[in-house]
Amino acid sequence: MSLIEVTDLSVRFDEVRAVDGVSFTLDPGAALGVVGESGSGKSTVAYALLGLHRETGASVSGTVKVAGVDVLTADERELRGLRGGKAAMVFQDPLSSLDPYYAIGDQIAEVYRVHHRVSRRAARARAVEVLDRVGIPDAVRRSRSRPHEFSGGMRQRALIAMALACSPELLVADEPTTALDVTVQAQILDLLHELRAETGMGLLLVTHDVGVAAESVDDILVMRHGKVVERGPVGSVLASPREAYTQELLAAVPRIDASDTSDVRPGGAETAEPVLEARDLRKVYGKGKQVFPAVDGVSVSVRPGETLGVVGESGSGKTTLGRMLVGLLTPDGGSVTGTSDVQMVFQDPASALNPRRSIGESIADPLRARGEKDEERIRARVGELLVRVGLDPTLYDRYPHEFSGGQRQRVCIARALAPSPRLIVCDEPVSSLDVTTQAQVLSLLDELRRELGLALVFVAHDLAVVRQVSDRVAVMRRGRVVESGTVAEVYGAPKDPYTKQLLAAVPALDPSVAAERRSERKELAEAA
Amino acid sequence: MTQSLALLGTEAASSSEGPAPGTRSFWRRLRAQKAAMAAGSVIALLVLTALAAPLLTALAGQDPNAYHPEAVDSAAGGVPLGSFGGIGAEHWLGVEPGTGRDLFARIVYGARVSLGVALFATLVQLAIGITLGLAAALGGRWTDQIVSRFTDVNVALPLMVLALALLAIVPQSVPRPVLIALVMGLVGWSGVSKLVRAQALALKHADHVEAARLSGWSTWRIARRELLPSLAAPIITYAALMVPSNISVEAALSFLGVGIKPPTPSWGQMITEADTWYQTAPTYLLIPAGLLFVTVLSLTVFGEGVRLALDPRARTRVLRAGKGSAA
Amino acid sequence: MTGFLLRRIAGALFVLFALSIVVYAIFYVAPGDVARIACGPRCSTAQVDQVREQLRLGDPVYVQYWHFLQGIVAGRDYSTGTALAHCDAPCLGFSYQTDQQVTQLILAKLPVTASLVFGAFVLWIVIGVGTGVLSVWRRGRLSERVLTWLTLTGTATPVFVIGLLLIIVFCSTLAWLPFPQYVPFTEDPEQWMWNLLLPWFALALLESAKYARLTRSSMLETLADDHVRTFRAFGVSEGAILRRHALRGAVAPVIALSALDFGTMFGGAVLTESLFGIPGLARELVEAVKVVDLPVVVGLVMVIGFFVVLANTVADVLYAVADRRVVLA
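Going line by line, the protein sequences match chains G, W and U. According to this note's numbering, the first sequence is numbered sequentially starting from 1. According to this note's numbering, the second sequence is numbered sequentially starting from 1. According to this note's numbering, the third sequence is numbered sequentially starting from 1.
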């Protein structure tokens with residue numbers, strides 16, 4: 001008997017068909033990755049497995065059988081027995097997924113007692129046991145901590161521990177590593193891998209990241225617009241996708257191990273004067289005893305027509321550095337010299353545009369601020385800029401909500417271009433976009449750099465993306481640049497142990513490479 | 001140009017951000033709420049009544065300050081003659097016990113005072129609150145400190161207390177309704193200022209505000225173009241609930257005898273006087289009290305409706321809270 | 001935590017200090033013959049002159065304020081018209097109209113207001129939180145709508161209307177209760193309670209509406225949080241989610257608001273005290289304002305302001321303690 005048997009599942013929210021006739025099965029102990037871009041319905045499928053759509057207003061049809069329970073028709077008791085008992089779920093954001101008011105051990109114990117008639121003490125002991133199992137050091141003491149006292153990775157481990165507590169037959173993981181740094185992501189994926197080998201539970205992993213799936217599952221299911229596009233063993237689907245959409249998706253994924261040399265670019269002339277030079281920049285947050293340096297003595301320079309990639313995990317100070325370069329933050333020490341013609345492209349195009357003003361007005365802002373008053377000239381210039389970023393020039397009077405995420409980011413780029421800057425700082429410009437849109441925006445940026453001779457500072461957490469667009473790279477950690485050099489130097493022959501660790505943590509698209517990386521990570525961890 | 005226009009097209013992307021911002025969708029969402037619309041109609045009627053007070057009283061052939069000793073039983077201490085406080089063709093809502101003044105005329109003119117004072121007070125509170133809130137959020141650290149402490153002091157002086165004290169001190173020559181509205185405005189702004197400060201602080205470093213800063217605009221222009229429009233929704237929501245609260249405060253001040261002074265009619269003051277008459281002339285209490293209740297209730301319900309219409313997520317939040325699956 | 005507390009107390013002291021300046025400025029720098037106003041209409045010219053001398057009204061404003069502050073901190077001497085009396089610190093002044101020290105007068109009124117506020121407080125917490133929890137528990141059903149409308153009605157009814165209705169129904173029509181007349185607890189606890197029952201309810205009905213809404217909205221907000229989804233996905237029953245998780249989210253805001261209201265009520269129950277003839281602080285203030293007994297007004301505003309500032313500080317501390325997520329910095 002299959003662990004999961006989904007037949008012709010459809011889920012509708014009001015008029016939106018989120019999932020449209022999906023069928024698949026999963027054998028006990030097997031692992032299936034559900035991959036798709038936003039709006040593909042992949043999370044909706046995961047939720048349906050535990051009957052989480054009940055009474056949310058969604059209409060669900062088809063049949064869903066999980067561990068012998070018919071989820072759509074089961075009564076409350078049966079469903080509660082399934083949830084957490086036979087099938088457990090791990091969610092995306094580990095901070096908001098735990099109750100902030102209670103100790104982590106108590107929360108796990110509470111869940112354990114729902115499914116087992118045991119004393120509080122026994123449940124608490126079980127909580128400590130599973131916390132220990134998922135690698136929380138000093139589990140007895142840490143089980144008394146509340147979620148905000150844990151780091152992101154520890155919280156996700158705790159959530160996995162909660163899932164483990166009742167020894168379920170199936171673990172459903174909905175984007176379990178999306179909110180985490182790449183090194184932590186690798187640790188969590190390794191943990192899931194180990195646990196699966198040890199307990200023999202089945203895994204359904206929902207992710208937008210093909211690499212994450214390649215690392216962790218046997219089979220892969222590609223979804224788009226609520227439908228299944230393709231299913232097969234992960235190795236064969238990723239190596240030779242049959243469907244056009246899968247091919248498009250895979251082509252758009254930036255590769256860290258790109259073997260093609262076409263991205264080796266002449267870059268800016270080595271001798272040219274830098275457009276911008278920052279020396280020994282410092283920024284300190286907090287005061288009194290709790291001072292912590294966000295940026296601690298960073299020097300960078302950017303030459304015309306060159307892209308400098310700044311890569312780092314959360315808390316590395318890369319965003320603070322970017323904001324100091326454009327002058328949105330005043331450094332506490334050091335200096336920024338060079339051009340003042342600097343603009344910025346922000347991470348989330350939805351929040352970077354004022355929802356109450358037309359996009360044309362937003363783009364025209366820098367022009368008006370510089371004293372341009374002639375309406376016709378402004379409209380003409382905005383039209384030019386819209387064409388420049390690949391949008392229709394007649395869209396001046398449209399509002400941000402009428403555009404998709406990628407289009408909005410184009411609008412933001414147009415606004416940044418408006419005052420004809422010599423340098424644009426891009427702060428995670430593609431991290432909120434789907435992978436195919438991301439590829440389009442990246443190539444637009446590259447095109448602008450070449451055609452307009454712009455210099456770019458590209459701040460991002462994604463090593464593969466940075467590799468794809470940059471000439472030179474600076475790796476940041478805890479406010480300092482730990483390593484910098486050309487792309488070939490840093491990615492080809494990293495010198496700093498942290499850079500090595502970062503590179504080893506990047507998920508590989510090829511399952512055999514992924515296994516290699518896994519053992520590499522183990523070695524690095526043991527060496528450390 | 002390698003990117004083709006065709007790839008992106010002009011078609012509006014299907015947006016997951018919810019409905020468009022703008023006044024049209026606001027009215028649509030407001031109209032969808034029956035209770036709010038009913039309350040809105042009541043308010044409209046009250047406002048019309050207040051505006052047309054001279055016309056209405058002329059129609060009724062009554063003057064709010066004319067005594068009608070013939071309409072009360074002076075032997076019984078001034079109890080209105082006739083049933084239900086003297087309600088009839090002559091006096092539509094009966095007469096005031098003791099003096100025999102026409103109740104309809106006094107109620108209608110009282111509506112003018114109640115609504116007018118509450119509205120004016122709200123405007124004063126908004127003007128002070130928005131200015132100080134923005135100053136605290138956008139000014140330097142010291143401006144913020146000073147304004148925030150000043151707000152704390154204002155909070156520490158309960159509105160009623162300071163209003164009572166000030167009204168007793170200011171010379172009687174100042175027109176009472178204007179003075180009361182001013183006093184209420186001067187002491188009741190701390191809520192708005194705290195709201196505006198918090199919201200502006202939260203927005204100050206929003207990406208679109210930072211982008212405007214990079215465009216080269218001045219702080220003042222950014223406050224006007226980027227911050228205020230985004231603050232409009234919370235401010236309107238708050239203001240919609242300030243009006244009924246101000247009506248209650250005005251009535252309470254008059255009830256305490258430090259608000260509107262006779263002979264200017266006011267609902268609160270009528271309720272005070274009715275205190276001694278409720279056994280012999282209950283309508284004299286019930287009519288102003290009932291009207292006050294209906295007015296405040298309608299304004300509150302309408303304010304709630306405005307809140308839901310301005311922030312569609314408020315309703316979805318309730319829906320998202322869901323029923324869970326196990327009831 | 002200690003640093004946080006110290007900062008809060010320093011802030012509170014500063015606000016009180018500023019409050020005294022504001023009050024002093026309003027009442028003593030206001031136009032008109034302050035000595036005549038402070039002394040009251042019955043004073044003779046000689047007495048007024050004496051008051052002027054006592055209050056040192058001839059001095060510059062800042063010197064006058066200094067003496068006023070000195071009185072609070074160290075006490076001062078007063079002429080009562082016939083003899084010289086010493087007023088111990090904290091001396092809030094002397095009322096020439098009632099021949100009493102303001103501090104004594106306030107101390108006498110304090111237990112009265114405390115009786116009113118304390119009883120009402122217990123009632124409004126029980127009624128308010130209970131209604132809030134019930135309306136969340138019954139959400140989506142008819143009873144929820146009824147509760148919502150009841151709460152709205154409560155919010156919209158001025159306390160003097162509720163109070164009048166209660167008096168009419170329970171005292172006049174049904175004659176179940178005596179017309180409220182304050183009896184000190186020390187004299188007769190039973191009568192104390194019976195006489196305060198109506199004022200308690202009048203105040204509590206109004207306040208509880210606010211608490212019902214707060215409890216309800218905090219619980220609904222928590223129920224929409226992601227962590228509730230986690231516990232649903234792990235088979236925890238809806239009842240347990242409400243009891244353990246949703247209610248916990250309402251604790252901090254309810255406690256904080258309670259502290260705030262409790263303090264504010266010491267000067268805020270003006271209407272209730274006036275309506276039910278309870279001789280408390282707020283009513284005393286109304287009376288003092290009406291007869292322009294300035295020393296009493298100033299003293300009362302200071303004391304009432306003190307309670308508000310105290311309540312604000314306590315509310316902040318309690319919120320931080322109850323929330324546990326807030327970092328005390």
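Just so you know, these hints were derived from the structure itself, not from any lab. Quantities reported herein were computed from a predicted structural model and do not represent experimental measurements. Hints are not guaranteed to be accurate.
Unchecked claim - Quick list of in silico lysine-lysine cross-link-like pairs, DSBU-like style, CA-CA up to 30 Å: (1) G:Lys522 x G:Lys500; (2) G:Lys522 x G:Lys373; (3) W:Lys261 x U:Lys290; (4) W:Lys34 x U:Lys290; (5) G:Lys373 x W:Lys194; (6) U:Lys210 x W:Lys194; (7) W:Lys194 x W:Lys204; (8) G:Lys495 x G:Lys522.
Okay, the hints, checked on the actual structure:
no., hint, verdict
1, G:Lys522 x G:Lys500, "13 Å, holds"
2, G:Lys522 x G:Lys373, "63 Å, violated"
3, W:Lys261 x U:Lys290, "13 Å, holds"
4, W:Lys34 x U:Lys290, "45 Å, violated"
5, G:Lys373 x W:Lys194, "37 Å, violated"
6, U:Lys210 x W:Lys194, "19 Å, holds"
7, W:Lys194 x W:Lys204, "15 Å, holds"
8, G:Lys495 x G:Lys522, "19 Å, holds"
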